[in-house]
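Position chain B against the provided structure of chain A, taking the given hints into account.
Protein chains: 2
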Amino acid sequence: MTIKRTAFFISDGTGITSEALGVSLLNRFEDIAFDKETLPYVDSVEKAHEVVEKINIAARIDDSRPLVFDTVVDDAIRKVIATSDSFMIDVFAAFLGPLQRELNEQPSTKVGRTRITESTHYDKRIEAINYALENDDGARTKYYDQADVILIGVSRSGKTPACLYLAMQYGIKAANYPLTEEDIEDQKLPASIKGFREKLFGLTIEPDRLALIRNERKPNSRYASMKQCNHEVEEVELMYRRERIAYTNTTHYSVEEIATRVMVKSGLQRRC
Amino acid sequence: MTIKRTAFFISDGTGITSEALGVSLLNRFEDIAFDKETLPYVDSVEKAHEVVEKINIAARIDDSRPLVFDTVVDDAIRKVIATSDSFMIDVFAAFLGPLQRELNEQPSTKVGRTRITESTHYDKRIEAINYALENDDGARTKYYDQADVILIGVSRSGKTPACLYLAMQYGIKAANYPLTEEDIEDQKLPASIKGFREKLFGLTIEPDRLALIRNERKPNSRYASMKQCNHEVEEVELMYRRERIAYTNTTHYSVEEIATRVMVKSGLQRRC
Chain A
3 MTIKRTAFFI
13 SDGTGITSEA
23 LGVSLLNRFE
33 DIAFDKETLP
43 YVDSVEKAHE
53 VVEKINIAAR
63 IDDSRPLVFD
73 TVVDDAIRKV
83 IATSDSFMID
93 VFAAFLGPLQ
103 RELNEQPSTK
113 VGRTRITEST
123 HYDKRIEAIN
133 YALENDDGAR
143 TKYYDQADVI
153 LIGVSRSGKT
163 PACLYLAMQY
173 GIKAANYPLT
183 EEDIEDQKLP
193 ASIKGFREKL
203 FGLTIEPDRL
213 ALIRNERKPN
223 SRYASMKQCN
233 HEVEEVELMY
243 RRERIAYTNT
253 THYSVEEIAT
263 RVMVKSGLQR
273 RC
Chain B
3 MTIKRTAFFI
13 SDGTGITSEA
23 LGVSLLNRFE
33 DIAFDKETLP
43 YVDSVEKAHE
53 VVEKINIAAR
63 IDDSRPLVFD
73 TVVDDAIRKV
83 IATSDSFMID
93 VFAAFLGPLQ
103 RELNEQPSTK
113 VGRTRITEST
123 HYDKRIEAIN
133 YALENDDGAR
143 TKYYDQADVI
153 LIGVSRSGKT
163 PACLYLAMQY
173 GIKAANYPLT
183 EEDIEDQKLP
193 ASIKGFREKL
203 FGLTIEPDRL
213 ALIRNERKPN
223 SRYASMKQCN
233 HEVEEVELMY
243 RRERIAYTNT
253 THYSVEEIAT
263 RVMVKSGLQR
273 RC
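Protein sequences appear in the order of chains A and B.
The first sequence: position 100 = 102 (this note's numbering), numbered continuously.
The second sequence: position 207 = 209 (this note's numbering), numbered continuously.
Same shape as in the complex, but just chain A:
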């Protein structure tokens, strides 16, 4: 029998940190099915009372107390949440005390200011997002000199999402160029990218997964056939190795993992 528990990720901001931490902890308990809910912007005592009600309802339905992962800055709000019928993981409380002693400074208690939104930081990301959009899918190659990295790979190997994530998370200007059948047959780097060899990073993907993705796009086409996918992937991987282009396989990874692998393997430093 699978046990079911409810988990809440509560924050006075977006809740993204609280959720990411909570999920990674809960994933370690594989025999339990968790109903997960993120509650962002709990930034007043009133909202905290509503949250308590929500938690207590879940406790009654489940007949066991929900888990609460909380990254709320304000003490008064946290104290209200603590009155709920829950098992509470108070993330900041756990670490702020030790950090305060180590740093010999009182932590500030400004609510919701946990992420400093510096204008230059924001601008860097927007600039990088615009760059990714404008230099997507080989649409424009004349600004490759401005790229931090140029992702290459066969059609549908995951280049566009990886470029967007590189922009959004790291402020990296990532262009991408699709390796066409002609490029592959030629067995050499296409003219528009060969001058940027040091910026190239290859993506590859398992042929059966590629066929599945392509079939959604163009069902029963030659383009989506196993034969064609096998051929393209094989040739492209040969090209990467022959041209000594670093590459990674995207099949089993999330967008953030692919982007982070590109960062690490190509030695890029974040720009924001």
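Just so you know, these hints were derived from the structure itself, not from any lab.
Careful, some of the hints might be misleading.
One copy or two, either will do: identical chains are not told apart, so a pair holds if it fits within one copy or between any two.
Said to hold, decoys possible - Think about it this way: if two alpha-carbon atoms lie no more than 16 Å apart in a straight line, the pair counts; the simulated EDC-like pairs of lysine to aspartate or glutamate are:
id, residue 1, residue 2
1, K6, E104
2, K81, E55
3, K267, D138
4, K81, E48
5, K267, D45
6, K38, D64
7, K220, E129
8, K112, E32
9, K190, E218
10, K190, E55
11, K6, E107
12, K6, D37
13, K144, E239
14, K112, D33
15, K220, E39
16, K126, E218
17, K229, E208
Only chain B this time, still in chain A's reference frame:
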């Protein structure tokens, strides 16, 4: 005198969680300047030894021990990191014990499996990213029936990055439609969006920030003038209120905060 400390965010995965948590904790200590470095994919004892060396060099340079935020799953790797000359915040160790007692289950120790990359989860996001790209900037309006939300706003108010983030983080299909000068002069909802009133969400921005952004795009143009920006923003906010369209101001927020506000204010549920 500003004190300088070095902080490392160490993970066997992307390090994104460890970094987000560490940064939000460090932001609470406003008098200290932190040199931050994220070290992802520390997934072997050998890499852990390299990390120790890195930490110890920073300790000698700073003449004070670095802070280490670590979300490594494997005990052996963590033990190596713990031999460094650092103040270590061991995130998993702090919470796994209490969780284990509460859930009455031994946590799994599979390295790097903290994020389960389910294929459906990935597909949802990719589908949403493709939707955002294909329905960006009013390029195509005939698929608005498939949208979870349609962001509207004047040119350069931050619609595109918000749509992409909604897709990437929440699997939400977000289209966007730019309100042109003609739309604004007409003082009514444009024909292509008025049938989707319940999906509309407005973005607005402070006029001086808008003028700054537009000036980068088209310096000294009428489009970028304070007068024009003032006018457009004023009229668009009037329209939102008159048409009872929920809206948010993007000026002081990061992309993730804008996206999360859209989620909360429009009552959207994540799709992945």
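Okay, the hints, checked on the actual structure:
Taking CA atoms no more than 16 Å apart as the test, K6 paired with E104 passes between copies only; the shortest distance there is 13 Å, against 39 Å inside one copy. In this assembly of identical chains, K81 and E55 lie within 16 Å of each other by CA distance solely inside one copy; the values are 14 Å within and 42 Å between copies. When the C-alpha separation of K267 and D138 is checked against a cutoff of 16 Å, the pair qualifies neither within a copy, at 21 Å, nor between copies, at 32 Å. In the homo-oligomer, the alpha carbons of K81 and E48 lie at most 16 Å apart inside one protomer (12 Å), although the nearest pairing across protomers, at 44 Å, exceeds that limit.
Taking CA atoms no more than 16 Å apart as the test, K267 paired with D45 passes between copies only; the shortest distance there is 15 Å, against 40 Å inside one copy. Taking the closest pair of Cα atoms, K38 and D64 come within 16 Å of each other only inside a single copy of the chain (13 Å); across copies the shortest separation is 42 Å, beyond that limit. For the homomeric pair K220 and E129, the shortest alpha-carbon distance between copies (15 Å) is at most 16 Å, but the shortest distance inside one copy (33 Å) is not. Only between protomers do K112 and E32 lie at most 16 Å apart by alpha-carbon distance; the minimum there is 11 Å, versus 37 Å within a single protomer.
In this assembly of identical chains, K190 and E218 lie within 16 Å of each other by CA distance neither inside one copy nor across copies; the values are 30 Å within and 39 Å between. In this assembly of identical chains, K190 and E55 lie within 16 Å of each other by CA distance neither inside one copy nor across copies; the values are 64 Å within and 41 Å between. In the homo-oligomer, the alpha carbons of K6 and E107 lie at most 16 Å apart only across protomers (13 Å), although the nearest pairing inside one protomer, at 42 Å, exceeds that limit. In this homomeric assembly, K6 and D37 come within 16 Å of each other (Cα to Cα) only inside a single copy, at 7 Å, whereas the closest approach across copies is 42 Å.
Taking identical chains as interchangeable, the C-alpha atoms of K144 and E239 are never at most 16 Å apart, the minima being 26 Å within one chain and 39 Å between chains. Within a single copy, K112 and D33 get their C-alpha atoms only as close as 39 Å, which misses the 16 Å cut-off; across copies the closest is 14 Å, which meets it. Taking the shortest Cα distances, K220 and E39 never come within 16 Å of each other, neither inside one copy (37 Å) nor across copies (44 Å). Only between protomers do K126 and E218 lie at most 16 Å apart by alpha-carbon distance; the minimum there is 13 Å, versus 35 Å within a single protomer.
In this assembly of identical chains, the alpha carbons of K229 and E208 lie at most 16 Å apart only when taken from the same copy (13 Å versus 55 Å across copies).
The structure is inconsistent with the numbered hints 3, 9, 10, 13 and 15, although it conforms to all the rest.
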